[in-house]
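Numbering-wise (my numbering), the sequence shown opens with residue 553 and increments by one.
The hints are simulated quantities; they were obtained by calculation from the structure and are not laboratory data. Ideal placement from N, C-alpha and C gives every residue a C-beta, glycine not left out. Hints are supplied without guarantee of correctness; some may be wrong.
[Claimed, not checked] Under the rule of at most 30 Å between Cα atoms (straight-line distance), these lysine-lysine pairs were calculated in the DSSO-like manner:
#1 K580 <-> K625
#2 K785 <-> K597
#3 K959 <-> K664
#4 K889 <-> K1004
#5 K860 <-> K1030
#6 K950 <-> K664
#7 K722 <-> K608
#8 K860 <-> K1053
#9 K642 <-> K657
#10 K1066 <-> K811
#11 K642 <-> K955
#12 K861 <-> K826
#13 K831 <-> K1079
#14 K575 <-> K597
#15 K887 <-> K1009
#16 K657 <-> K949
[Unchecked claim] Label pairs and their computed distance ranges (CB to CB):
#17 P648 <-> D675: 26 to 36 Å
#18 K646 <-> I684: 24 to 34 Å
#19 N685 <-> R912: 32 to 42 Å
#20 Y559 <-> K839: 14 to 24 Å
#21 K689 <-> Y991: 37 to 47 Å
#22 K981 <-> D746: 42 to 52 Å
#23 D1058 <-> I684: 25 to 35 Å
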Amino acid sequence: MPTEEYYKKFKEEADEYTDAVVKIDHSKKLVVAGPGTGKSTLFRKICENNVKSGKKKNIVLSFINELVADLKKDLHQLAEVSTLHSFALKELQKTPAKGQGFFMKITDVINKDYEILNKNKIDFGKIICNLINDPDKLEFYESRRQYYNHFGPNCSVYTLIKYYEDDNEKIPEYDQLLVDEFQDFNKMEIAFIDFLASKSNLLIVGDDDQSLYSFRYADPSEIRSRHSLDSHKKFKLPFCFRCTEVTVNAFNNVVERAKSEGFLKQRIDDKEYKYFPTKEKDEISGKNQQIIVKEKVFDTSVAFHIDKKIKDIFDSGEMKFSVLIITPLPNQAIKIKNDLTKKGFTDIQISYKGKDNINRDLLDGLGLLLENYDCNLGWRIVAEQVLKEEDFKKIIKKSCSDKNNFKSLMDRSVIQSIEFLLTTIKSIKEGKTVTEEGYERLFKATGYDCNKITSEKLLNELEKYFPKNNIHKNTPIKITNILGSKGLTKDYVFLVNFDDKYLIGDKNKITDEKICNFLVSLTRAKKKVYIFSQKTPTFAEWIDAKFIKKE
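Model the full assembly from the supplied sequences, consistent with the hints where possible.
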């Protein structure tokens, strides 16, 4: 039985790693920190130390909304906390570009415009995020962006970079700039961070084992190259405070096997991932000494097996716990949610709206027009949804050549039909009477099923009268995909549909990023991991058999 002295020794060792980062004075620090290794605690200690020293202007930037929400609570009144893109939008309001709107999918809109005019596809996201110098294409993008008078997440950062290049005096200055999940940022975002770091002390925290965002041009080589620079003082946080001992061991098994198979060659090797013992965590680890792998679990039986496991946990005496379900594909998440709902689970959150008949692009356009009736972007988005393709293409070409207000290029009859929808929405919002025709036309245009909405509302109202024989079905459940799981942690994690065909692909081609996908998913759990698949996934086979229980 471990003594208090035993636990104290580990606490002191962990504190030494954190205190080294806090106490050593250096303008550029880089901390390699794996999943659950106490980054929030580190940030809080740094900011507290700065505030005590009179350095109150601290800012934390991250990529992941979930992390930002948690950090805002942890660092309340100690630091400004924001996603990098939200920060960029705020800073834009201090430039000549202030007053312009924000639309998340503006790059997709301009991609389509370019394709219509030039008859070939383009990815402006790739050009901008990689800082590719292509003046003609960038001029087209900027011209259309200004015509629509809106920024998106990428072009807001890009515009600020150009603004700072022209005048370094405009770069904001902070006592401490802390950047979380550095491996998630792309070349453009890192250039932006470097501009900020030219006026502020910089602390970078990241882990190349958690690099999942190649689709948005993030590259783990960025943190690896920083780790090799003499200009950066290097630190590490090796202790995992979140996971059980078996999960930490499984993580290390996968990494070592991956390296032996020739993967993760460029991985930062000067790091450890170790279980942090406490009396409570040892007790939890003792109860959960193996990862459960259940084979022959098909789509039709996933909800059945999850229901059974949750009931088993509940029947063991644990009355309050949280559940995270991670599945590779969005449509799988939707099906699991629907199947669990049919089984009576009442507290389910899901990261996806799912495939349905809702015309969300039209809703985006209508929303923009409700904010500003003369919004070119709003009319352009609406036009694409209501016009025939050839008519829409003609208007796009006209809008590029004569720069007229987009609405003025549309037929009056089309404008009137959109105005009717806008008037109907405003009447609903203001509690005014809406005709049956108004509801019918609005629901038909946007794809809403009023009968389904009414039925769901009715069932929600009557829910308290339904018998609740199975109290375990009130357990809070969150369902997401692997990318959506970043920043999340729950007591019990179910990795569902984790078959090779989804994790690795039909071509059976393993990559470093796919290994990282598995590592991130594995380390979301505080207590236990369940893997449900038709056949044990390759990555689970890389875990020592003594840490796996097959059912």
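For each hint, the structure was consulted:
no.: 1; hint: K580 <-> K625; verdict: 26 Å, holds
no.: 2; hint: K785 <-> K597; verdict: 18 Å, holds
no.: 3; hint: K959 <-> K664; verdict: 18 Å, holds
no.: 4; hint: K889 <-> K1004; verdict: 17 Å, holds
no.: 5; hint: K860 <-> K1030; verdict: 17 Å, holds
no.: 6; hint: K950 <-> K664; verdict: 15 Å, holds
no.: 7; hint: K722 <-> K608; verdict: 20 Å, holds
no.: 8; hint: K860 <-> K1053; verdict: 26 Å, holds
no.: 9; hint: K642 <-> K657; verdict: 18 Å, holds
no.: 10; hint: K1066 <-> K811; verdict: 14 Å, holds
no.: 11; hint: K642 <-> K955; verdict: 28 Å, holds
no.: 12; hint: K861 <-> K826; verdict: 28 Å, holds
no.: 13; hint: K831 <-> K1079; verdict: 14 Å, holds
no.: 14; hint: K575 <-> K597; verdict: 10 Å, holds
no.: 15; hint: K887 <-> K1009; verdict: 21 Å, holds
no.: 16; hint: K657 <-> K949; verdict: 20 Å, holds
no.: 17; hint: P648 <-> D675: 26 to 36 Å; verdict: 28 Å, holds
no.: 18; hint: K646 <-> I684: 24 to 34 Å; verdict: 27 Å, holds
no.: 19; hint: N685 <-> R912: 32 to 42 Å; verdict: 35 Å, holds
no.: 20; hint: Y559 <-> K839: 14 to 24 Å; verdict: 18 Å, holds
no.: 21; hint: K689 <-> Y991: 37 to 47 Å; verdict: 45 Å, holds
no.: 22; hint: K981 <-> D746: 42 to 52 Å; verdict: 45 Å, holds
no.: 23; hint: D1058 <-> I684: 25 to 35 Å; verdict: 31 Å, holds
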